[in-house]
Amino acid sequence: MKSFYITTAIDYVNGLPHLGHAYEKVLTDVIARIRRMMGDDVYFLTGVDEHGQKVQQSAQKKGIPPQEFCDQTSAEFQAILPKLNITNNDFIRTTEERHKKVVRAILQQLFDKGEIYQAEYQGYYSTRQEQFLQNKDRNEDGTWPEIFGEVSEITESNYFFKLKNYQQWLIDFLTENENFIFPKFRQKQVLEFLKEPINDLCISRPKERLEWGIPFPFDENYVTYVWFDALVNYYSAVADKPGVWPPAYHVIGKDILVPPHAVYWLIMLKAAGIELPGGIIAHGWWSTNGDKMSKSTGNAVEPIAFVDQYGADAMRYFMMREMTVGQDSDFSDTQFQARYNSELANNLGNLVNRTLNMTNRFADAKIPTAGPDEEPETELKQLWASTQAEVTDLWTKFQFNTALERTMSFVTATNAYIEKRAPWKLGKSTEEADHVLLRTALATMAESLRLAATLLQPVTPGVTEKIYGVLGHTPGEVWSDELAWDGRLADRPVDKSLVLFPRIQAADKNSV
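Numbering (our numbering), first residue to last: 1 to 512.
Hints should not be assumed to be uniformly reliable.
[As the list claims (entries may be wrong)] Here are the simulated BS3-like cross-link-like pairs (lysine-lysine), alpha carbons at most 25 Å apart as the crow flies:
#1 Lys-466 - Lys-366
#2 Lys-101 - Lys-270
#3 Lys-254 - Lys-188
#4 Lys-101 - Lys-195
#5 Lys-397 - Lys-184
#6 Lys-466 - Lys-83
#7 Lys-101 - Lys-162
[Stated by the list, open to error] Pair ranges (Cβ atoms, derived):
#8 Pro-493 - Gln-72: 45 to 51 Å
#9 Glu-302 - Glu-211: 19 to 25 Å
#10 Pro-242 - Asn-179: 24 to 30 Å
#11 Lys-113 - Pro-242: 23 to 29 Å
Bear in mind the hints are in silico, worked out from the structure with no lab data behind them. Small disclaimer: the values here were computed from a predicted structure and weren't measured. We put the beta carbon where it would ideally sit given N, CA and C, even for glycine.
Produce the complete structure using the sequences and hints provided.
Structure, rendered in structure tokens:
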């Protein structure tokens, strides 16, 4: 089996989970499920970032120790994973000893190699972003962008990592590996950033200003800058697991691509002699009804509320169907309801109901053996052949929204096939030829439903399992074999009914 290691960004525990966190986990889970289905040995990591000044300040406001604050908030992030049916193998917290040990070892290694030095810093500091700023970070009118919050001028002694020594190496690497970052236009943004000289990275904070961090191994008066600490987690989680590193892909939001992951992280790995990941996937942001999502404005979407009301698969489907990976997208109750009703309830749900209902009515609740194909069956089988080939190709290109659109088009075509064959009319006929057509139609409906469910599996795993169950189907160990149209359901007993997606009534749309 081929090793396939995939990681998400680790979530900062200073806030609670929102739609962006949920989407990133679902996106990564879909990729992980696809690779497992294809036979890879997948290791899927997610977790939380628990150090830094903001965490220390938030704990102080609550009057509790930072570790207790982290324990409380970390539990919230861990709780959303089973709710969304996420299949992560590991969940790392940066306060764990396994992580601290590796961070300190890398710091010592880089210090011994002369990659870290001490110097005095005088300049601007953003507490909100926990980073030092330069004048080039200002707006054109001289003000600081809102993202930095309050900016103060400070002077202090710190340790620096020789980041700028590797600038040309990184430019060369990204130029030679033009598909390293997906989507490609994000890689161009990184190269644009690197056209300007970069400074060495301040990687320490004096304990007199910040105690909540990992102490330096060679100077206990300092703790590690939260970004240097956090970026090591992808390696520290698997440092003791031979054959897992490097990641095939690392999935993050576009806001932390430059400079943290595309500059700091890659140079840190290079300097430490650690193999680089296979690639980075940078996804976009969610807005709400066209406005930036924010808890302060009261328009932040809490995904668990939707999951509790409509189910994990409906939420997973909407997020993957609505957002093009790498682009921004909008979430609204209206659009969620429209996708849910038209594609899940009316299309897929309708196919399930018709298949079960008519198999019970006309075939004693057993899927019949199909007779010879005629033009309607041939057309549907040809559509399936092109659909499954196109969808699996789209998966490799991370075009999951288009893959779902193609899958649902096949479901739509199957419902159209049912209208064309009209089993309810064939069932009333006394002609043997019509009975043969009826058996063929029922078998074709069931097989089409099974195949559609197979393509939906990485996005809606619970739905696929339920559909398999009502069709009396137990999938084999080789997933690719499940894509064959071979009539394997013949003589399988079916359930009487299955309501997968109850329609959302108009009054429900404001209930979450």
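We went through each hint and held it up to the structure:
Straight-line distance between C-alpha atoms of Lys-466 and Lys-366 comes to about 17 Å, which keeps the hinted pair within the 25 Å bound. Restraint check: the Cα-Cα separation between Lys-101 and Lys-270 comes to about 20 Å, which is no more than 25 Å; the hinted pair holds. For the proposed pair Lys-254 and Lys-188, the alpha carbon gap of about 13 Å is at most 25 Å, so the pair holds. For the hint linking Lys-101 to Lys-195, the alpha-carbon distance of about 35 Å lies beyond 25 Å, and the restraint is violated.
Between Lys-397 and Lys-184, the direct Cα distance comes to roughly 12 Å. Compliance with the 25 Å bound is thereby established for this hinted pair. At roughly 17 Å between alpha-carbon atoms, Lys-466 and Lys-83 fall within 25 Å of each other, so this suggested pair holds. Of the supplied pair hints, the one linking Lys-101 and Lys-162 holds, its CA atoms being roughly 22 Å apart against a limit of 25 Å. At about 49 Å, the beta-carbon gap between Pro-493 and Gln-72 stays in the expected band of 45 to 51 Å.
A hinted range of 19 to 25 Å is violated for the C-beta pair Glu-302 and Glu-211, which are about 32 Å apart. For Pro-242 and Asn-179, the hinted distance range of 24 to 30 Å is satisfied, since their beta carbons lie about 28 Å from each other. Judged by the Cβ atoms, the range 23 to 29 Å given for Lys-113 and Pro-242 holds: they are separated by roughly 24 Å.
Hints 4 and 9, counting from the list given before, are not met by this structure.
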